Amino acid sequence: MINTNSFIALNVVDKYCLHNLQELSKLRNEYLSKLSKLFVYNS
350 MINTNSFIAL NVVDKYCLHN LQELSKLRNE YLSKLSKLFV YNS
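The sequence shown lines up with residues 350 to 392 when you count with my numbering.
It is possible that part of the hints are untrue.
[Claimed, not checked] Derived lysine-lysine pairs resembling DSSO-like cross-links, with alpha carbons at most 30 Å apart: (1) K383 to K364; (2) K375 to K386; (3) K364 to K375.
Just so you know, these hints were derived from the structure itself, not from any lab.
No experiment lies behind these values; they were computed from the predicted model shown.
Whenever a hint applies, use it, and build me the whole structure from the sequences.
Here you go:
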């Protein structure tokens, strides 16, 4: 049985991870678009 404090803590961690995942995918998309532009310039 989980007490409410650990449940709330889990929720906070989940939200934090979700936010970080969104940031990461944004960074990844920017990186990929820069990479593809580089490839376009080089070809």
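Discussion item. Which constraints among the numbered hints does this structure fail? Numbers only, ascending.
Written reply: Hint check: nothing fails, all pass.
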